[in-house]
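There are 2 protein chains.
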Amino acid sequence: MKPVKVGICGLGTVGSGSFNILRNNAEEITRRVGRSIVIEQVGARRDNDMCDLTGVNVTRDIFDVVANPEIDIVMELIGGTTIAKDLVLQAIENGKHVVTANKALIAEHGNEIFAKAQEKGVMVAFEAAVAGGIPIIKTIREGLSANRIDWLAGIINGTGNFIMTEMSEKNRPFSDVLAEAQALGYAEADPTFDVEGIDAAHKLTILASIAFGIPLQFEKTYTEGISKITAEDVGFAKDLGYSIKHLGIARRTDQGIELRVHPTLISKKQLLANVNGVMNAVMVKGDAVGPTLTYGAGAGGLPTGSSVIADVIDVARTLTADPDNRVPHLAFQANSLSDLPVLPVEEIESGYFLNMSIEDKAGVLANITQILSKNGISIESLIQREREGSDLVPLVVMTHIVKERNMNAAITEIEALSDISGKVQRIRVEHLA
Amino acid sequence: MKPVKVGICGLGTVGSGSFNILRNNAEEITRRVGRSIVIEQVGARRDNDMCDLTGVNVTRDIFDVVANPEIDIVMELIGGTTIAKDLVLQAIENGKHVVTANKALIAEHGNEIFAKAQEKGVMVAFEAAVAGGIPIIKTIREGLSANRIDWLAGIINGTGNFIMTEMSEKNRPFSDVLAEAQALGYAEADPTFDVEGIDAAHKLTILASIAFGIPLQFEKTYTEGISKITAEDVGFAKDLGYSIKHLGIARRTDQGIELRVHPTLISKKQLLANVNGVMNAVMVKGDAVGPTLTYGAGAGGLPTGSSVIADVIDVARTLTADPDNRVPHLAFQANSLSDLPVLPVEEIESGYFLNMSIEDKAGVLANITQILSKNGISIESLIQREREGSDLVPLVVMTHIVKERNMNAAITEIEALSDISGKVQRIRVEHLA
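Line by line, the protein sequences give chains X and V. FYI, the numbering for the first sequence is 2 to 434, going by our numbering. FYI, the numbering for the second sequence is 2 to 434, going by our numbering.
Accuracy of the hints is not assured; some may be wrong.
As the list claims (entries may be wrong) - For lysine-lysine, the following PhoX-like pairs were computed, each having C-alpha atoms within a straight-line distance of at most 25 angstroms:
1. X:171 - V:269
2. X:171 - X:239
3. X:269 - V:229
By construction, these hints were calculated from the structure, which means they are not laboratory data.
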């Protein structure tokens with residue numbers, strides 16, 4: 002078969018990683034695909050020292066790449082949601098297949114992009130958009146295609162997991178670890194995107210769509226960051242046999258879809274609780290297969306490039322296939338997507354870890370437990386400890402599963418008590434079973 | 002598109018699981034594939050109470066199924082390597098695509114079966130043959146297709162992992178846990194197949210072929226069981242921060258392929274060391290992606306059926322594709338398989354854990370360390386303990402990585418010392434890095 006010709010747009014971390022994989026593993030890839038994959042053109046504002054561009058057709062205008070009639074597959078590796086969107090739509094318009102690593106673009110504009118791709122009969126592949134090198138899109142969309150997916154839960158932001166791991170292993174405060182993560186290059190100067198869960202919400206949006214067959218609904222994803230988690234919270238969780246992880250969780254209920262990113266207590270016995278540092282992992286629970294977990298590097302040029310090039314190979318293999326018999330973009334046929342609503346966060350169900358400062362005197366505990374009981378909340382475990390040199394002592398309560406609306410009502414009542422100092426810290430608990 | 006018609010041969014655990022998934026998730030599957038998958042015929046010696054066969058065309062002769070002109074895909078779920086082989090070859094001869102869960106058949110006769118399938122232009126899919134519901138074949142063959150795979154290591158026999166987990170968590174002896182596993186139905190009356198690693202060797206043979214692009218070479222797989230592991234070995238390993246797991250390991254070196262199943266010490270910090278009970282997990286290290294791990298149920302009707310039906314869906318999707326542009330059976334094009342040899346076990350390289358009984362007197366330790374040193378073996382750590390009421394004390398040595406040939410020579414010399422009682426227990430150590 003004749004070679005497949007690709008054009009690479011963007012030569013940053015992921016672009017250069019993808020370029021180098023195509024170069025270094027060319028022989029292995031040809032042995033697999035039965036045809037070579039040739040870099041026909043590279044579009045980048047500047048060269049990258051990581052890539053030997055000798056003999057490569059390089060243009061400074063990425064739109065040259067999508068206009069190049071020789072090119073079968075356009076790799077969009079520039080990031081962002083403005084120029085990248087124009088680029089991808091133009092590539093589709095020109096009849097090119099597209100491979101992208103752009104989670105924000107897919108999460109925010111995927112519905113429009115996939116509709117256009119379907120109209121033009123081309124593929125838009127996006128394995129690299131979620132969890133870097135972990136083939137989680139393929140796992141859910143194809144590997145578990147026999148299942149009705151019940152829920153998924155993942156550590157899908159390496160920066161956040163590095164911070165939570167360091168806080169847990171070394172009892173360090175958030176701000177201290179964040180500064181180190183910035184020094185190490187794991188976190189940006191403005192860490193909002195990672196630390197407040199926006200990046201994870203982009204990825205969760207995509208995972209939920211392909212798991213349940215719903216349109217992409219980034220704007221409905223509940224997002225809560227890790228910046229308010231204290232070393233004390235982490236310590237109490239540990240004492241109770243739990244780790245605090247920043248998880249993206251999507252669950253299908255009869256009422257609708259839970260779609261939420263937030264700090265979460267999970268049992269130390271869970272494999273997911275033992276995923277440390279910058280690594281990513283996603284649990285998926287299917288009705289036939291039961292719980293599964295997939296683990297690997299969630300970022301970096303080569304791991305993310307591994308997913309980009311796997312997509313290029315997949316697209317190369319379907320170039321000769323019937324467009325109506327491909328794996329659909331969102332795992333389900335475009336005309337069979339579900340209109341199951343995304344639930345408001347008040348409607349989700351979860352266990353809760355509550356950490357509050359109370360006055361060390363009779364009756365306070367009774368008031369609190371009464372408020373919880375009145376709101377239909379039952380207590381699983383409780384820790385009250387002395388705090389030296391203070392009249393205030395910490396009280397930690399772990400509850401059974403309850404609707405968030407009830408918990409909100411209880412917390413409002415508890416915070417109104419005169420014997421409570423400040424806010425109640427509330428962290429959700431998941432049993433992943 | 003018109004429905005895809007399948008025939009199920011065998012209605013045991015996996016057959017009934019697959020049947021019920023197709024029935025129960027019919028709507029979800031049709032939403033995914035864009036066409037329905039219809040059970041045209043079932044061939045089984047007897048009915049199964051787990052399946053509602055009302056209105057199903059059932060035959061007692063499974064060869065009716067492969068002869069049925071209506072059927073597109075034959076599901077071989079009878080097991081064994083005699084009738085199953087005839088059935089699969091006949092199905093291929095008749096131009097049917099085949100989906101099988103049969104690890105022994107693929108590991109021992111896959112080369113012949115795939116050659117015939119290639120000749121006839123049909124697919125033989127076998128995701129369910131390795132690690133039950135975990136989509137590890139798809140992960141390696143497609144998800145990590147951009148990588149040169151360096152090595153893989155897996156817990157790929159649930160019975161063995163249940164036994165090792167119980168021995169480790171409860172300090173129980175092997176024979177005791179095996180009896181419980183048999184009572185629970187995890188182990189057969191004759192447990193040889195699981196406990197001596199033959200089942201794992203079948204699976205490892207398949208994984209190695211698709212990772213490295215080599216023909217299936219079951220007969221060259223080194224296989225060592227767990228029946229000689231003692232509670233004392235497990236205890237010492239724990240003290241050193243290790244778990245003992247029964248692993249299948251395949252590694253590519255410049256000299257050839259290491260292909261081996263044996264008990265293995267791995268650090269407790271490894272995610273793989275925390276995979277417990279009957280669960281399976283496979284680590285794969287690619288040059289671009291780095292280390293990955295995939296975890297899930299390795300057996301059972303529904304988990305294994307999850308992989309069977311995912312294969313049926315995959316085949317349904319390639320029915321309209323160019324046969325020369327499919328994912329090759331062994332991940333690499335049939336004419337591009339490598340002739341890299343499988344190394345004899347003496348040529349493998351590994352760390353070692355040695356456990357021996359020595360006389361508690363001066364000079365013994367010096368003799369042993371001298372023998373190790375002379376054979377080029379350096380010691381990483383060492384434990385010598387008192388044993389009450391005995392002149393013999395246990396000596397445990399952990400070594401750095403060395404060639405097995407050297408270790409064999411050293412052990413022969415150590416066992417010849419007059420101050421050693423009995424054999425030296427030798428367990429390999431892997432760092433998985």
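Hint by hint, here is what the structure shows:
{"no.": "1", "hint": "X:171 - V:269", "result": "holds (19 angstroms)"}
{"no.": "2", "hint": "X:171 - X:239", "result": "holds (12 angstroms)"}
{"no.": "3", "hint": "X:269 - V:229", "result": "violated (31 angstroms)"}
In this structure, the one hint that does not hold is number 3.
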